[in-house]
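**Student:** Residues per chain are reported as follows:
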Amino acid sequence: MADHGSNSRVLGGPAGWISILLPLSLFLWFLQFLPAIAAGEVLVWQIDWVPSLGVSLGILLDGLSLTFALLITGIGALVTLFSSSYLGGHIHYTRFVIYLLAFMTGMLGLVLSDNLLALFVFWEVTTVSSYLLIGFDADLAKARRDALQALLVTGIGGLAFLAGIVLIGIASGGFSIAAIEGSLADHPLYLPIFLLVVAGAFTKSAQVPFHFWLPNAMSAPTPVSAYLHSATMVKGGVYLLARLNPSLGGTDIWFWTLVVFGGVTAVFASVLAIRQTDIKQVLAYTTLMALGTLVMFIGVGSDYAIEAAMAFLMVHSFYKAALFLMIGIVDHGTGTRDATVLRGLGRAMPFTMLAAVLAALSMAGLPPMFGFVGKEFLYKAALGAPAMLWVTGCIFVASALMFAAGGIVAFRPFTGNLAKTPVTPHDGPWPMLVGPILLGLFGLAFGLMPDWAEPLVRPSTAAVLGRDAEVDLYLFKEVNAAFLLSLATFAVGFVIYLIHPLLRVGLARVPPLFDPGWNRGMDGVAAGTHGLTALIQTGRLRRYIFVTFMTLAFALGAAIWRADLTPEIPALEDLRVKHWAVLIFILAGALLTAFTNSRMTAVAALGVVGIGVALVFIIFGAPDVAITQLLVEVLQVVLVAVAMLKLPNLNPEYIRTIRGWDLALAVTLGVMTTVILLAVMTVPLDLRLTEFFEVTSVPEAFGRNIVNVILVDFRALDTFGEIAVIAVAGLGAYALLRGTRRPNP
Amino acid sequence: MTSLIVRAATRLLVGLLLMFSIWMLLRGHNDPGGGFIGGLIGATGFILYAIAHGSKAAREALRLDPQTIAVSGLAVAFLAGLAGLIPGDAIFTGQWLFLGATEGDKGLPLSTILVFDLGVYLVVLGAVLTLVFALEEEI
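Here the protein sequences line up with chains E and B, keeping their order.
Here the UniProt record's numbering is used: position 145 in the first sequence is 145, and no number is missing along the way.
Here the UniProt record's numbering is used: position 43 in the second sequence is 43, and no number is missing along the way.
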């Protein structure tokens, strides 16, 4: 894993100091708002960002965003402290710090934004920085592949979310979250909004069937897993659902979608957690379980459910970050993360064991830890939920398996007889130990004094509900159904722990489904792209031109059909002799071009057509256009003739095979263009612009040639754009021709 | 192409074409013509020269690289547009100066419009010649 090189610099040098001090000071800064927020205040700041698009950098600080901000900065400081020792000697440590701080910025922006568009930008910042962090060990193919997978899954979800945001903007008349009034449930756009937002939230928070990227994201260095993939980024989707609960929640589809997908994710993930042998993977799946639980309870939406979800959010952040960091120390101190190998480390790594046990007790939901409080409230809310059996059943199974997983990760490796590991077991240095121990102690302290969590849980519950709610957290009050369920959980969990080696072997026989499915999907996309490229990028100029003009012909045909145009056939008797002469001239040139077997004849005949068109311009009084047309035509003939001197003669056999196609294309395009032009004639010409230029050309621009006056004066900016295109085209052609030059001309 | 007739005729024609192109440029504001047409005619002159004497000789006659001409034309047009800002008008607003204007005679009209059109002329001349010379040398 990563780099275990010795670290000569104190706390990773300047980059490390910055990375630790920045989140720490932000944490302290956010802490000062706690009294105001706890008293029920909601702070809003507005700074214009892109006023023309209605994007403002509004900051919304309420209970929900403050809870997240404190978790992001607080755990962020502990994780960066850990990293300064864990990765401080890594050759790309500074790069790592930059990625991590970028991520932290994105995450903070995400939870603090009041404007949905700004929120989306930060949402994408977390996606991209997460990509960079998962692929930090970029020389490993697996890390690159997993990073790309996470990027694609969350990125596609992000696009769906963006579409949802746009619809919310249409439905509510603005992008400010605070300004969405009431519920959107009765709006005609509710269903598409709901589906798009949920797609974004479910991919980000790794709900089944989009869960597979999260365990793979464990390719990231362990502090990243601790930070992004347990405590912060993956909670982005949960945050979004919680944040939009007042506007989108409360409907049947909201309830059932969140409760069913959340429940399935929780149970499915906790079963798969037992299957893993890598203790980091065990933790990855328990993270999925926690995310599923949070989604399910936001779906339930009752006062108790939201209160339980907000408490569990804090519980989970504490113990999960602690356990991941603990695993980092174990990995660092023994050289392995294999649950079947690690035994008896307690004597060699006492401080790590302390952190592990504290965190695991909370994860198992044992009293007097904060995890027990969280689980009690989950049960209490589940027992009062509408789909009581389903919610309670899901949370029971998941909690029991969580209990067992806690034992696998944090109990078994430290007890029993010391087994042989790649590195002689030793405890980590203090910067690595501070984080997990502190977070473990938090779990204990908040468990003994649940009141401490109330200043955060109460306002965040209110923020999610959209109204005030009574919140009273306690460790133990009376023997009730929830308490009895807890006892049953411990019993079942203990049994599962005892038989988990058997379960693991049994579950390992079930082949994985989703990840190979992803691979097949990606292969399919690659094959499809390959086929499409082979179809349209043949390398033959003929084919390109054919496809381009065929597309044009179809587009014209579709336009004619859609607009229901009826071309007006002009009266032929109006044509005079000179008109007929030019017409025959052009027709003769066109026919000769089409039917000659000589390239040079074809080019010259095409020139005849062009000159015929120039004659048309002269007849109808546009000398400027006629001169230009004539010159361009002459130049074109000269240019093509120069090019053709070196081309071989046309092969008559080949011409015969393609002539039919070319004829069909030419006739189709010609007919379409003619119909469009005739149809245009039926619309009365608006002469206001012509009159304007006729009147103003001489007095205002001192010129009698209106065409030129328009070009160089009235619309000089357009002309400037056009000549820029001409210059670039010339340079581009030069570069292309020079680029294909053979080495020895 | 080394035909004596072409080479002899070119000697006359090139000069005529270049003078004609400048005349077209200058008259453009009131009569058919302008920078675009002028540039194309000027380019025809040099192309004729290149056909008769080879593109190397044509490049020498041109003295400047055609790419340079095209890009400096763009710069000239842009500067002419910027000049509109000096009296406080919008960018690309034409500015006029009538030298020696009296009652009844407007004198010699000078304008940023003409400078702009000169820029168009240079861009068209440069871009077309860039393309043609590159084609001829490539083939």
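In short, the hints are calculated from the structure, not lab data.
Accuracy of the hints is not assured; some may be wrong.
Derived, one-sided and incomplete: chain E residues facing chain B with beta-carbon distance under 7 Å [to be verified]:
| id | residue |
| --- | --- |
| 1 | 623 |
| 2 | 625 |
| 3 | 627 |
| 4 | 628 |
| 5 | 629 |
| 6 | 631 |
| 7 | 703 |
| 8 | 705 |
| 9 | 716 |
| 10 | 726 |
| 11 | 727 |
| 12 | 730 |
| 13 | 733 |
Restraint ranges, calculated between C-beta atoms of paired labels, are given here [to be verified]:
| id | chain 1 | residue 1 | chain 2 | residue 2 | range |
| --- | --- | --- | --- | --- | --- |
| 14 | B | 12 | E | 659 | 39 to 45 Å |
| 15 | E | 664 | B | 7 | 30 to 36 Å |
| 16 | E | 643 | B | 8 | 25 to 31 Å |
| 17 | E | 683 | B | 91 | 33 to 39 Å |
| 18 | E | 601 | B | 12 | 47 to 53 Å |
Some chain B residues well away from chain E (every beta-carbon gap over 10 Å; in silico) [unchecked claim]:
| id | residue |
| --- | --- |
| 19 | 11 |
| 20 | 12 |
| 21 | 13 |
| 22 | 19 |
| 23 | 23 |
| 24 | 29 |
| 25 | 41 |
| 26 | 54 |
| 27 | 61 |
| 28 | 64 |
| 29 | 70 |
| 30 | 77 |
| 31 | 87 |
| 32 | 103 |
| 33 | 132 |
Being a predicted model, the structure only gives us computed values, none of them experimental.
Even for Gly, the Cβ is constructed at its ideal location relative to N, Cα and C.
**Student:** Now look at each hint and say whether the structure bears it out.
**Tutor:** Against the structure, the hints come out as follows:
{"no.": "1", "hint": "623", "result": "holds, 4 Å"}
{"no.": "2", "hint": "625", "result": "violated, 9 Å"}
{"no.": "3", "hint": "627", "result": "holds, 5 Å"}
{"no.": "4", "hint": "628", "result": "holds, 6 Å"}
{"no.": "5", "hint": "629", "result": "violated, 10 Å"}
{"no.": "6", "hint": "631", "result": "holds, 4 Å"}
{"no.": "7", "hint": "703", "result": "holds, 4 Å"}
{"no.": "8", "hint": "705", "result": "holds, 5 Å"}
{"no.": "9", "hint": "716", "result": "holds, 4 Å"}
{"no.": "10", "hint": "726", "result": "holds, 5 Å"}
{"no.": "11", "hint": "727", "result": "holds, 4 Å"}
{"no.": "12", "hint": "730", "result": "holds, 3 Å"}
{"no.": "13", "hint": "733", "result": "holds, 5 Å"}
{"no.": "14", "hint": "B:12 to E:659: 39 to 45 Å", "result": "holds, 44 Å"}
{"no.": "15", "hint": "E:664 to B:7: 30 to 36 Å", "result": "violated, 46 Å"}
{"no.": "16", "hint": "E:643 to B:8: 25 to 31 Å", "result": "holds, 27 Å"}
{"no.": "17", "hint": "E:683 to B:91: 33 to 39 Å", "result": "holds, 34 Å"}
{"no.": "18", "hint": "E:601 to B:12: 47 to 53 Å", "result": "violated, 30 Å"}
{"no.": "19", "hint": "11", "result": "holds, 19 Å"}
{"no.": "20", "hint": "12", "result": "holds, 18 Å"}
{"no.": "21", "hint": "13", "result": "holds, 13 Å"}
{"no.": "22", "hint": "19", "result": "holds, 16 Å"}
{"no.": "23", "hint": "23", "result": "holds, 13 Å"}
{"no.": "24", "hint": "29", "result": "violated, 4 Å"}
{"no.": "25", "hint": "41", "result": "violated, 7 Å"}
{"no.": "26", "hint": "54", "result": "holds, 12 Å"}
{"no.": "27", "hint": "61", "result": "holds, 18 Å"}
{"no.": "28", "hint": "64", "result": "holds, 14 Å"}
{"no.": "29", "hint": "70", "result": "violated, 4 Å"}
{"no.": "30", "hint": "77", "result": "violated, 6 Å"}
{"no.": "31", "hint": "87", "result": "holds, 15 Å"}
{"no.": "32", "hint": "103", "result": "holds, 17 Å"}
{"no.": "33", "hint": "132", "result": "violated, 6 Å"}
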